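Position chains B, C, D, E, F, G and H relative to chain A; hints supplied.
Protein chains: 8
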Amino acid sequence: MGPLVGIVMGSESDLDVMKGAAEMLRQFEVEPELTIVSAHRTPGRLKVYAKKAKERGLKVIIAGAGGAAHLPGMIAAHTIIPVIGVPVKSSNSIDGWDSILSILQMPYGVPVATVALNGAKNAGILAAQILALHDTSIAGKLEAFKEYQDDIVKESAKNVKNMGFRNEFD
Amino acid sequence: MGPLVGIVMGSESDLDVMKGAAEMLRQFEVEPELTIVSAHRTPGRLKVYAKKAKERGLKVIIAGAGGAAHLPGMIAAHTIIPVIGVPVKSSNSIDGWDSILSILQMPYGVPVATVALNGAKNAGILAAQILALHDTSIAGKLEAFKEYQDDIVKESAKNVKNMGFRNEFD
Amino acid sequence: MGPLVGIVMGSESDLDVMKGAAEMLRQFEVEPELTIVSAHRTPGRLKVYAKKAKERGLKVIIAGAGGAAHLPGMIAAHTIIPVIGVPVKSSNSIDGWDSILSILQMPYGVPVATVALNGAKNAGILAAQILALHDTSIAGKLEAFKEYQDDIVKESAKNVKNMGFRNEFD
Amino acid sequence: MGPLVGIVMGSESDLDVMKGAAEMLRQFEVEPELTIVSAHRTPGRLKVYAKKAKERGLKVIIAGAGGAAHLPGMIAAHTIIPVIGVPVKSSNSIDGWDSILSILQMPYGVPVATVALNGAKNAGILAAQILALHDTSIAGKLEAFKEYQDDIVKESAKNVKNMGFRNEFD
Amino acid sequence: MGPLVGIVMGSESDLDVMKGAAEMLRQFEVEPELTIVSAHRTPGRLKVYAKKAKERGLKVIIAGAGGAAHLPGMIAAHTIIPVIGVPVKSSNSIDGWDSILSILQMPYGVPVATVALNGAKNAGILAAQILALHDTSIAGKLEAFKEYQDDIVKESAKNVKNMGFRNEFD
Amino acid sequence: MGPLVGIVMGSESDLDVMKGAAEMLRQFEVEPELTIVSAHRTPGRLKVYAKKAKERGLKVIIAGAGGAAHLPGMIAAHTIIPVIGVPVKSSNSIDGWDSILSILQMPYGVPVATVALNGAKNAGILAAQILALHDTSIAGKLEAFKEYQDDIVKESAKNVKNMGFRNEFD
Amino acid sequence: MGPLVGIVMGSESDLDVMKGAAEMLRQFEVEPELTIVSAHRTPGRLKVYAKKAKERGLKVIIAGAGGAAHLPGMIAAHTIIPVIGVPVKSSNSIDGWDSILSILQMPYGVPVATVALNGAKNAGILAAQILALHDTSIAGKLEAFKEYQDDIVKESAKNVKNMGFRNEFD
Amino acid sequence: MGPLVGIVMGSESDLDVMKGAAEMLRQFEVEPELTIVSAHRTPGRLKVYAKKAKERGLKVIIAGAGGAAHLPGMIAAHTIIPVIGVPVKSSNSIDGWDSILSILQMPYGVPVATVALNGAKNAGILAAQILALHDTSIAGKLEAFKEYQDDIVKESAKNVKNMGFRNEFD
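Chains as they are written, first to last, in our numbering: chain A, 1 to 170; chain B, 1 to 170; chain C, 1 to 170; chain D, 1 to 170; chain E, 1 to 170; chain F, 1 to 170; chain G, 1 to 170; chain H, 1 to 170.
Next up, chain A with everything else stripped away, as it sits in the complex (with noise of 0.2 angstroms):
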């Protein structure tokens, strides 16, 4: 079967941030696509990446990119597959404010799920839930992840008592 999530970013150097994403969905048991597409460099690739989206049997659309970050307005321009945006900070970020604004501030009739600044696990995350919606395998892995992030922190708050924090709650 193809690439159910494909992951899509404007430059090699958004990698880094992005292939947590890849790392969150292989957690679940998803194996996505990634490569590189740029809005401003490649736009004719752009297009064609996002109209065979859904014949080619995508789901979710992960599009990372930085600074004036167009790459995933675009894909959502020429798809109705869910589109999830990560607003990169790359070097060339104003403190990431413009990848935050550019890609969450989208106009009407064309929605991007935005997620944090260099929030790409996340978006990951997100994509395993969309298809969990119709997958209870998936649904099962992402309950007991949640379960896990539960008790990572009861685990922390045994370490902290262990550093001789007084603690009289747990």
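Hints listed in this document are in silico derivations from the structure and should not be mistaken for laboratory results. Hints are not guaranteed to be accurate.
[Stated by the list, open to error] Simulated pairs of lysine to aspartate or glutamate, DMTMM-like, Cα-Cα distance not exceeding 25 angstroms:
| id | chain 1 | residue 1 | chain 2 | residue 2 |
| --- | --- | --- | --- | --- |
| 1 | F | K52 | F | E29 |
| 2 | C | K158 | C | D170 |
| 3 | D | K51 | A | E147 |
| 4 | B | K52 | E | E31 |
| 5 | F | K19 | F | D95 |
| 6 | B | K19 | B | D135 |
| 7 | D | K51 | A | E155 |
| 8 | G | K52 | C | D150 |
| 9 | A | K54 | B | E29 |
| 10 | G | K54 | C | D135 |
| 11 | A | K47 | G | D150 |
| 12 | E | K51 | F | E168 |
Computed from a prediction, not measured in an experiment: that's the story for all the values here.
Same frame as chain A, now just chains B, C, D, E, F, G and H:
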């Protein structure tokens, strides 16, 4: 059949913005449920709403709130259903920045799919896009909607030409 | 002769601001064309507009949009003609910051000549300045315009003196 | 006697900042408890912590978190004990703005006493000030602390004079 | 008995916002005193107010001011009583950012418990929460207030249902 | 005697704000001159104004402008007389941030004494403070003004008491 | 033949960023001139540079500066040649906001074509685009550059595939 | 003769920035005094410093502070001597915004002459400019300093030319 999309908001004063999500969904013939849930004033109600969402058959929750907007994130804390967050520019908001940042900047593990400030209509479209992954009827309506948006722009181009502006492109 | 300057905007609601560009160009006896092109709703139309611009004889494209404003940058992606971007403070904008940053912060390789928020008139002047590099008639009109601005300030100085404010400089 | 002040934080990574609150309280001979509670990962733990706080004898809760920081506000949702919020500039924060706004901008009915970014030490002092309203020993220590701060400034003034800067005031 | 809570503000123009603190306190049957004290125009009056606060029996001071708001911080400089700061969005304010930052960002040693922009009502509730630590009557009223807020939300949920929105949750 | 203080502004539309500087100076019996000088439209006029300022007897120049406000800084570039800059929140301004930053953030070597957004009255007072260093009559009036401000606050305190607010301090 | 493009900057410390403009122009076989001109320290030099630019044959001026950056706007005040402004994030800058706003927000009548923060390379490309309007050789090189950018993205896509990421699109 | 300029700062950690003011004044052969005064930790010391300033012969006070910086404004509250405020980007500052806004945005009646973030050197020059109004020796040195700045730029222009950059202007 029970509702597939739940729309919740922190206070009745958010209704003017948030009903836009319902209006859009109805365009795609999805009848959402809509109610008031406050993270800060009714944390118990919030928990029950979020915990029961999946078994009640909800596929997507759209949550809107203003100021220090904790509603979308706290619902996402309790469920694996995708949560779409709508930052509302309420009267007690600082130009909307507080709503945006407290919905968007969710930590690792608990994503919220954030849309534009007051972007409830786009939240409705995004919810429809998620449902359309397994509903060809909604998918068809979304494609038609996209066509229609395209038509509106072309109609606007004609209007502007009729106002007397030169246009040798069309 | 076909138009030398094309003015495009994302929606008819931008016309109030963007017609300022046309008004200025007419002052320099340049009759621009003006139409509606949306990056998100009509990406195909955008591509054709940008791709054909050079062969149609356009020398400059002025593109205005609000919110996550992708129009100027996406036109620039498709052409080597200079693109002047006008951030529009539309109703769905966050005080204009989103429009400014998503037009200004273009990545390496694809510049957009950005002017002030709602600065469509200055976009018109800038377009005229570019045309004037090879058109002495426009150049003369720009020089006269500059003189006239100087005169207006001196006239204002007289008005203020006539209101009774002391002025021993003039 | 059980602890009078509870210090909680969203993750172990906040400890470096948040232990400052404990250090200050110990200066006033108040031994706080300190543990990890996450609004998003352990909403159940949060609820129990907040609900039991009063009966366990806590008088003040200091809660620190970064990013979309919901911990202080959600604790305040469950208790009438004063909650002091510490915005933490975590690695996933946008210069701290997200932490500040999502703690400070609480809606009507549920206040959080917010201190400066990374201001955990001041949170500790503020907690001591509240306890001091009914504890003359702590009040005395706070008065001494204030005197000491005054002394430190005067000491600094001497240091600077000794470096050779002119000072005819002291 | 003298007042337990003192409400001060920098100018009479802050009264519209700041009287909200008094209104809330009266709901909990605490009658505060309220007057005008300006850090910049009456530094002497400020000092006397702050220095005498404790001996006059005040337990909490609520201080509101706009622009470069020094009132809360300067009162805190002179007393060990908890000071709650209310950033007021006055006419000379830059969207409230100046008020917020000059109250919130207090240096080490002198905390101010800051609430939301124009959040005088929450300042009143916070003051009541502090008093309630040693006053079971106020504590009871705060619990009742919390219940009431919960009821209001549920009432809103009914209103919205009566407007015809689907709701199968309630 | 010629004027001691020159007030200049970039456009007649700044007069509503900037006349505040003149009004304040007249309270201290200093009659300023006031005129229009634009950095961008009349750079020649600006240069002459700044260059002649000292020989014409000006002691202080107050310069107000909005948007990318270059007037105060460019006057300061041409003279060693102190220049007070007033950021004006003009219609083309982004909430005043552009005016503030382009006046305040002057590089090494060319200071501008910046006052608050629209703070023309304070600019007038500051100019009077500078003149008062060598004019005991103005100094006396400034002391009286300070007293008067103190009185106004005390008067406000009485007004508020008369409205029925408890006040056992005064 | 004299230079067609003049690159100026406020201080030698801007050279690291601003030489990017020269590098890009050389790629298009345009040899620019480059020198230091300060609006605040050498207003006379600025005026002569700008006034002589047209007769010296310059077609475009690229001006870069940081902080309260008046250089681009003041050059534009003196000439009708297009001025491209480069906001430089200098050491005395507030995250670049001051440079951006004091270059971008030019008033009516005097446009500056602003590019991204530190976007000197894009300024070089934009200058080449303007020259290319009447120089088919530069136009050809710009088209080739655009192709090359497209190739680089496709090369990156291959690199990423070679790293082992799934990619069934290419 | 006693010092004419007093430099004060909130903490010894501000010295690295603030000594720049002293260095500049010494260039103009003005020997300032310099000491530590904290608005929040030593409000009494602040009051005495400000109140005695005039009788001690001070003509200007330069005050620097970071975070919620109340020092310049509170000194200005107590004296009619011009106060120059230096926003310091201290470690507890939010990118300097808090320092800037809490110094700049002073209310009606109490101006502070604010300079750029960390602009202590410019504060020194501004103080010298004020003294120069009645001291021709300082005035002469300021004129020479201005010339020298001009020379430095021209020297830089030569350096850059020597690096091999084309320059047919000089």
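Here's how the hints hold up against the structure:
no. : hint            : verdict
1   : F:K52 x F:E29   : holds (24 angstroms)
2   : C:K158 x C:D170 : holds (8 angstroms)
3   : D:K51 x A:E147  : holds (22 angstroms)
4   : B:K52 x E:E31   : violated (44 angstroms)
5   : F:K19 x F:D95   : holds (21 angstroms)
6   : B:K19 x B:D135  : holds (23 angstroms)
7   : D:K51 x A:E155  : holds (22 angstroms)
8   : G:K52 x C:D150  : holds (19 angstroms)
9   : A:K54 x B:E29   : holds (22 angstroms)
10  : G:K54 x C:D135  : holds (13 angstroms)
11  : A:K47 x G:D150  : holds (14 angstroms)
12  : E:K51 x F:E168  : holds (15 angstroms)
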